[in-house]
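> Residue-level listing of the chains:
Protein chains: 2
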Amino acid sequence: MVSMQNEKVKLWKKLKIRKWREKEQTYLLEGPHLVQEAVFSARHLLSAVLIDEAFHLPADWLLDDVEVYQVTHKIFTELSQTETPQGIIGVCKMVQPSVTIHQGRYLLIDGVQDPGNLGTLIRTADAFGLDAVFLGEGCVDGYNGKTLRSAQGSHFHLPVIHRSLFDVVAEMKKHRIPVFGSSLQGENMKKNAGGKKDFALIVGNEGNGAQPELLAETDEEIKIPMAGRAESMNVAVAAGILLYWLSAEGLATE
Amino acid sequence: MVSMQNEKVKLWKKLKIRKWREKEQTYLLEGPHLVQEAVFSARHLLSAVLIDEAFHLPADWLLDDVEVYQVTHKIFTELSQTETPQGIIGVCKMVQPSVTIHQGRYLLIDGVQDPGNLGTLIRTADAFGLDAVFLGEGCVDGYNGKTLRSAQGSHFHLPVIHRSLFDVVAEMKKHRIPVFGSSLQGENMKKNAGGKKDFALIVGNEGNGAQPELLAETDEEIKIPMAGRAESMNVAVAAGILLYWLSAEGLATE
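Line by line, the protein sequences are chains A and B.
For the first sequence, the positions run 405 to 658 when this note's numbering is used.
For the second sequence, the positions run 405 to 658 when this note's numbering is used.
Derived by calculation from the structure, the hints in this document are not laboratory data.
Among the hints, a few may not be true.
Intra- or inter-copy, both count: the list cannot distinguish identical chains.
Calculated pairs, DSSO-like style, for lysine-lysine (alpha carbon to alpha carbon, straight line, at most 30 Å) [what the hints assert, rightly or not]:
id, residue 1, residue 2
1, 601, 417
2, 601, 627
3, 600, 427
4, 600, 414
5, 578, 423
6, 550, 420
7, 577, 418
8, 420, 577
9, 418, 594
10, 550, 627
11, 497, 478
12, 627, 600
13, 412, 550
14, 600, 423
15, 412, 594
16, 478, 427
17, 417, 478
18, 427, 627
19, 601, 420
Here the structure is a predicted model, which means the values were calculated and not measured.
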């Protein structure tokens with residue numbers, strides 16, 4: 405049992421705050437589903453596992469090299485970031501993967517503010533097998549608890565990188581990767597014109613879309629044709645349709 | 405000013421609970437954006453507008469026939485269902501529109517539990533210009549505050565109807581409308597095989613998908629081909645891609 409005064413507990417509590425996550429390059433991963441994903445996909449990133457006194461670790465989790473701390477229910481509740489805590493939290497190291505941009509398929513996210521939307525975007529990028537996701541400076545933190553939960557473990561399947569999107573777009577151009585920007589002012593996407601082997605897709609803020617300065621750097625601004633009276637779509641839904649058009653539309657012919 | 409004891413205030417507070425919304429066939433619509441949508445698209449449904457003492461109604465809202473109540477900040481806070489209340493709530497009558505199913509395009513939602521996902525689904529159906537959305541018995545309430553906010557006013561653009569999906573599917577069949585079910589066990593959607601003039605699409609619960617008994621009633625179970633390591637997509641993202649395939653893929657050729 406660990407007391408509330410314990411230095412480790414103090415540190416873990418700080419990890420609920422973005423500034424501290426960045427300073428420590430460490431974040432909290434909550435719930436059995438996500439921790440299991442880490443155990444099986446990225447055990448080297450797990451620096452500790454914290455369990456509520458009543459929680460039983462599944463027998464098939466190989467945690468030999470991971471420190472496991474059983475904490476009191478009171479401490480666990482203070483560490484938890486969910487309304488109905490499920491008894492387990494992983495303490496996980498960030499990777500700022502030194503992704504070398506090469507031919508491939510990328511999602512660039514500019515100024516998305518809702519952690520749930522951001523997580524859903526990362527999960528969607530994973531479902532399409534993209535090579536990396538880049539988060540621009542105005543984005544909510546990719547290691548926010550709610551983002552991690554909405555992404556359902558996709559952080560362990562592809563690199564999620566905070567970096568200036570202007571720099572990323574410049575690199576894409578250097579590699580002659582076509583850059584598309586989702587924009588309500590763009591051209592309607594044309595059937596069968598998608599299906600690119602390499603691409604970068606930029607999607608933007610929930611209310612305002614991507615920054616005009618960034619869209620100005622793209623090769624093409626595209627728009628999903630809309631038939632109804634909604635003014636726009638949710639950013640993650642729009643990204644899903646655009647990624648299908650850009651990538652899986654090609655896959656789907658197989 | 406209205407006192408907390410006021411019968412009207414008591415009724416409005418009850419509308420935060422589904423049971424009372426259904427009994428009174430009335431719901432609360434929170435925030436200037438949604439209330440504005442009601443004022444301009446469906447003023448006949450607004451039975452009252454409640455404003456926080458500091459809120460100023462926009463001059464161009466014609467509210468002649470709508471009762472406006474200014475309430476104390478304390479009462480407003482008790483009525484609000486958001487973390488950062490924006491000073492205005494509409495009291496809105498439900499329509500259980502007597503939709504006659506005819507040739508057209510429909511979304512059927514089975515057992516979706518997250519109010520945000522449900523609202524995003526309704527917004528997406530609106531963006532594709534569908535004719536109606538049907539919510540099955542196991543769904544979260546379509547008039548939940550969070551659902552209304554995620555739907556961003558789409559409730560005023562197309563009918564949103566709670567009804568047994570088995571009955572709805574039977575009606576679709578009577579009208580020879582093809583019924584598709586989203587399912588991880590389905591066939592991969594084929595490029596260019598979508599683009600239907602009439603269709604019904606069933607999507608299901610976040611964890612388990614649609615009920616097998618309901619999927620058994622469809623003409624075809626379909627699946628989005630996935631290239632990555634995510635086990636599945638968010639239900640609203642999947643619905644967006646399937647609706648694009650079923651409807652807008654056709655539109656996009658124009």
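> Each hint should be assessed against the structure and marked as holding or not.
To see whether the hints hold, each was checked on the structure:
Within a single copy, residue 601 and residue 417 get their C-alpha atoms no closer than 44 Å, and across copies no closer than 55 Å, so neither meets the 30 Å cut-off. Taking the shortest alpha-carbon separations for residue 601 and residue 627, both the intra-copy value of 20 Å and the inter-copy value of 22 Å come in at or below 30 Å. Taking identical chains as interchangeable, the C-alpha atoms of residue 600 and residue 427 are never at most 30 Å apart, the minima being 38 Å within one chain and 53 Å between chains. In this assembly of identical chains, the alpha carbons of residue 600 and residue 414 never lie at most 30 Å apart, being 48 Å within a copy and 58 Å across copies at closest.
In the homo-oligomer, the alpha carbons of residue 578 and residue 423 never lie at most 30 Å apart, since the shortest distance is 33 Å inside one protomer and 59 Å across protomers. Taking the shortest Cα distances, residue 550 and residue 420 sit within 30 Å of each other both inside one copy (11 Å) and across copies (25 Å). For the identical chains of this complex, residue 577 and residue 418 are neighbours neither inside a copy (39 Å) nor across copies (57 Å), given an alpha-carbon limit of 30 Å. Taking CA atoms no more than 30 Å apart as the test, residue 420 paired with residue 577 passes in neither setting, with 37 Å inside one copy and 52 Å between copies.
Proximity of residue 418 to residue 594 under the C-alpha cut-off of 30 Å is found in neither arrangement, the shortest distances being 48 Å within a copy and 49 Å between copies. Proximity of residue 550 and residue 627 under a CA criterion of 30 Å is satisfied in both settings, with 28 Å inside one chain copy and 27 Å between copies. Taking the shortest Cα distances, residue 497 and residue 478 sit within 30 Å of each other inside one copy (25 Å), while across copies they are farther apart (44 Å). Taking CA atoms no more than 30 Å apart as the test, residue 627 paired with residue 600 passes in both settings, with 17 Å inside one copy and 21 Å between copies.
In the homo-oligomer, the alpha carbons of residue 412 and residue 550 lie at most 30 Å apart inside one protomer (23 Å), although the nearest pairing across protomers, at 37 Å, exceeds that limit. Within a single copy, residue 600 and residue 423 get their C-alpha atoms no closer than 38 Å, and across copies no closer than 50 Å, so neither meets the 30 Å cut-off. For the identical chains of this complex, residue 412 and residue 594 are neighbours neither inside a copy (55 Å) nor across copies (53 Å), given an alpha-carbon limit of 30 Å. Proximity of residue 478 to residue 427 under the C-alpha cut-off of 30 Å is restricted to the intra-copy arrangement: shortest distance 26 Å within a copy versus 40 Å between copies.
Within a single copy, residue 417 and residue 478 get their C-alpha atoms as close as 13 Å, which meets the 30 Å cut-off; across copies the closest is 33 Å, which misses it. Proximity of residue 427 to residue 627 under the C-alpha cut-off of 30 Å is found in neither arrangement, the shortest distances being 38 Å within a copy and 42 Å between copies. In this assembly of identical chains, residue 601 and residue 420 lie within 30 Å of each other by CA distance neither inside one copy nor across copies; the values are 39 Å within and 49 Å between.
Taken one by one, the earlier hints fail for this structure at numbers 1, 3, 4, 5, 7, 8, 9, 14, 15, 18 and 19, listed in ascending order.
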